[in-house]
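Asker: For reference, the chains in residue letters:
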Amino acid sequence: MAPTKVKPKVYALSTCPYCKRTKRFLDEHKIAYDGVDVDLLDDAKQDQVIDEVEKLTGKRAFPVVIIGKEIIVGHDEVKLKKALGL
Amino acid sequence: MSVPRQERVYCPVCLTKFKFVPGWKAGDVVICPICGEKLVLERGPEGWNGSRVDKGTEREIRERSEEFARLRGYVFNDMKEDILEGLVGKNARFGDFYCPCRMMHVPEYQCPCQPTRAGDVEANGKCYCGFFWKKGALPNPVPPLPR
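Protein chains in written order, with the numbering used here: chain A, 173 to 258; chain B, 347 to 493.
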């Protein structure tokens with residue numbers, strides 16, 4: 173399967189070790205992504221992004237990776253590889 | 347015959363009091379039996395207080411978490427150093443060692459967080475962050491979050 177051309181979106185916390193592993197995984201596989209550290213946003217923007225995350229996942233757990241229609245909550249390399257076609 | 351009142355020491359990390367052991371005196375360094383924090387005893391007008399040793403340093407959170415694990419019989423996995431790094435980052439950005447895997451920066455999520463102190467590890471095999479593990483519950487390889 174060819175690697176996906178969809179640019180993943182990553183919602184993370186700046187201090188979360190699992191979020192760092194997810195970002196590192198994407199970097200190591202040279203996957204460009206749009207990332208946001210939710211805890212570093214100003215209050216208004218943070219509320220807006222948390223609402224988005226809760227609508228998508230039903231919870232406030234990080235990291236969240238959106239790849240097309242796939243939503244991956246938590247650092248899960250098996251799911252990432254499958255969704256990215258690696 | 348009246349029973350002598352049990353004196354207690356206030357811990358500023360877990361925000362509760364633990365038993366004062368006869369023979370302790372002001373200036374002694376003791377370990378909070380609830381959260382593992384190293385405290386210097388001080389006598390205040392309201393009673394005994396603990397003052398955090400090495401407050402805000404990596405050494406403080408490392409020793410606290412290792413002492414907490416020792417007290418409860420918990421173990422760490424290969425995420426230990428990454429989570430400690432996250433805790434140090436929380437302190438630098440948000441003022442104290444709050445759980446690095448949570449959004450909230452409130453005293454009850456000071457590591458070890460209140461749910462962990464209340465028995466989350468016993469119930470789930472690990473704390474929310476996967477920092478503290480119940481012996482025997484540690485899988486290999488490390489599973490993803492969330493639970």
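No lab work stands behind these hints: they were computed from the structure. From the three backbone atoms N, C-alpha and C, an ideal C-beta is built for every residue, glycine too. Please note that the accuracy of each hint is not assured.
Cβ pair distances, simulated, as ranges [claimed, not checked]:
{"#": "1", "chain 1": "A", "residue 1": "Lys227", "chain 2": "B", "residue 2": "Met450", "range": "40 to 50 Å"}
{"#": "2", "chain 1": "A", "residue 1": "Leu228", "chain 2": "B", "residue 2": "Arg351", "range": "52 to 62 Å"}
{"#": "3", "chain 1": "B", "residue 1": "Gly390", "chain 2": "A", "residue 2": "Ile243", "range": "44 to 54 Å"}
{"#": "4", "chain 1": "A", "residue 1": "Lys181", "chain 2": "B", "residue 2": "Glu468", "range": "19 to 29 Å"}
{"#": "5", "chain 1": "B", "residue 1": "Pro368", "chain 2": "A", "residue 2": "Asp219", "range": "28 to 38 Å"}
27 Å max Cα-Cα, derived DSS-like pairs, lysine-lysine [claimed, not checked]:
{"#": "6", "chain 1": "B", "residue 1": "Lys401", "chain 2": "A", "residue 2": "Lys231"}
{"#": "7", "chain 1": "B", "residue 1": "Lys426", "chain 2": "A", "residue 2": "Lys253"}
{"#": "8", "chain 1": "A", "residue 1": "Lys202", "chain 2": "A", "residue 2": "Lys254"}
{"#": "9", "chain 1": "A", "residue 1": "Lys192", "chain 2": "B", "residue 2": "Lys365"}
{"#": "10", "chain 1": "B", "residue 1": "Lys480", "chain 2": "B", "residue 2": "Lys384"}
{"#": "11", "chain 1": "A", "residue 1": "Lys181", "chain 2": "A", "residue 2": "Lys217"}
{"#": "12", "chain 1": "A", "residue 1": "Lys253", "chain 2": "A", "residue 2": "Lys217"}
{"#": "13", "chain 1": "A", "residue 1": "Lys251", "chain 2": "B", "residue 2": "Lys384"}
{"#": "14", "chain 1": "A", "residue 1": "Lys195", "chain 2": "B", "residue 2": "Lys426"}
{"#": "15", "chain 1": "A", "residue 1": "Lys177", "chain 2": "B", "residue 2": "Lys365"}
{"#": "16", "chain 1": "A", "residue 1": "Lys241", "chain 2": "A", "residue 2": "Lys179"}
{"#": "17", "chain 1": "A", "residue 1": "Lys231", "chain 2": "B", "residue 2": "Lys371"}
{"#": "18", "chain 1": "B", "residue 1": "Lys426", "chain 2": "B", "residue 2": "Lys401"}
{"#": "19", "chain 1": "B", "residue 1": "Lys480", "chain 2": "B", "residue 2": "Lys365"}
{"#": "20", "chain 1": "A", "residue 1": "Lys177", "chain 2": "A", "residue 2": "Lys253"}
{"#": "21", "chain 1": "A", "residue 1": "Lys253", "chain 2": "A", "residue 2": "Lys179"}
{"#": "22", "chain 1": "B", "residue 1": "Lys426", "chain 2": "B", "residue 2": "Lys481"}
{"#": "23", "chain 1": "A", "residue 1": "Lys231", "chain 2": "A", "residue 2": "Lys192"}
{"#": "24", "chain 1": "A", "residue 1": "Lys192", "chain 2": "A", "residue 2": "Lys179"}
{"#": "25", "chain 1": "A", "residue 1": "Lys231", "chain 2": "A", "residue 2": "Lys181"}
{"#": "26", "chain 1": "A", "residue 1": "Lys192", "chain 2": "A", "residue 2": "Lys202"}
Asker: Per the hint of 19 to 29 Å, is the separation of the Cβ atoms of Lys181 (chain A) and Glu468 (chain B) within bounds?
Answerer: 37 Å, violated
Asker: Could you grab the alpha-carbon distance between Lys177 (chain A) and Lys365 (chain B) and see if it respects the 27 Å cut-off?
Answerer: The hint is violated at about 61 Å.
Asker: Decide if the proposed pair is consistent with the structure: Lys480 (chain B) and Lys384 (chain B), CA atoms, cutoff 27 Å inclusive.
Answerer: 23 Å, holds
Asker: With a cut-off of 27 Å on the C-alpha distance, tell me whether Lys480 (chain B) and Lys365 (chain B) pass.
Answerer: 26 Å, holds
Asker: Against the 27 Å threshold, does the CA-CA distance of Lys181 (chain A) and Lys217 (chain A) hold or violate the hint?
Answerer: 16 Å, holds
Asker: Going straight from one Cα to the other, do Lys231 (chain A) and Lys181 (chain A) come out at no more than 27 Å?
Answerer: Status holds; Cα separation ~17 Å.
Asker: Are the Cα atoms of Lys192 (chain A) and Lys365 (chain B) separated by 27 Å or less?
Answerer: Judged against 27 Å, a Cα distance of about 40 Å means the pair is violated.
Asker: Straight-line Cα separation of Lys177 (chain A) and Lys253 (chain A) no greater than 27 Å?
Answerer: Holds, at roughly 13 Å.
Asker: Could you see if the CB distance from Gly390 (chain B) to Ile243 (chain A) stays within 44 to 54 Å?
Answerer: 51 Å, holds
Asker: Do Leu228 (chain A) and Arg351 (chain B) keep their Cβ atoms within the hinted range of 52 to 62 Å?
Answerer: 54 Å, holds
Asker: Is the straight-line distance between the alpha-carbon of Lys426 (chain B) and that of Lys401 (chain B) 27 Å or less?
Answerer: 20 Å, holds
Asker: Indicate whether the distance between the beta carbons of Pro368 (chain B) and Asp219 (chain A) respects the range 28 to 38 Å.
Answerer: With Cβ atoms ~52 Å apart, the hint is violated.
The structure fails hints 1, 4, 5, 6, 9, 12, 13, 15, 17 (numbered hints given earlier, in ascending order).
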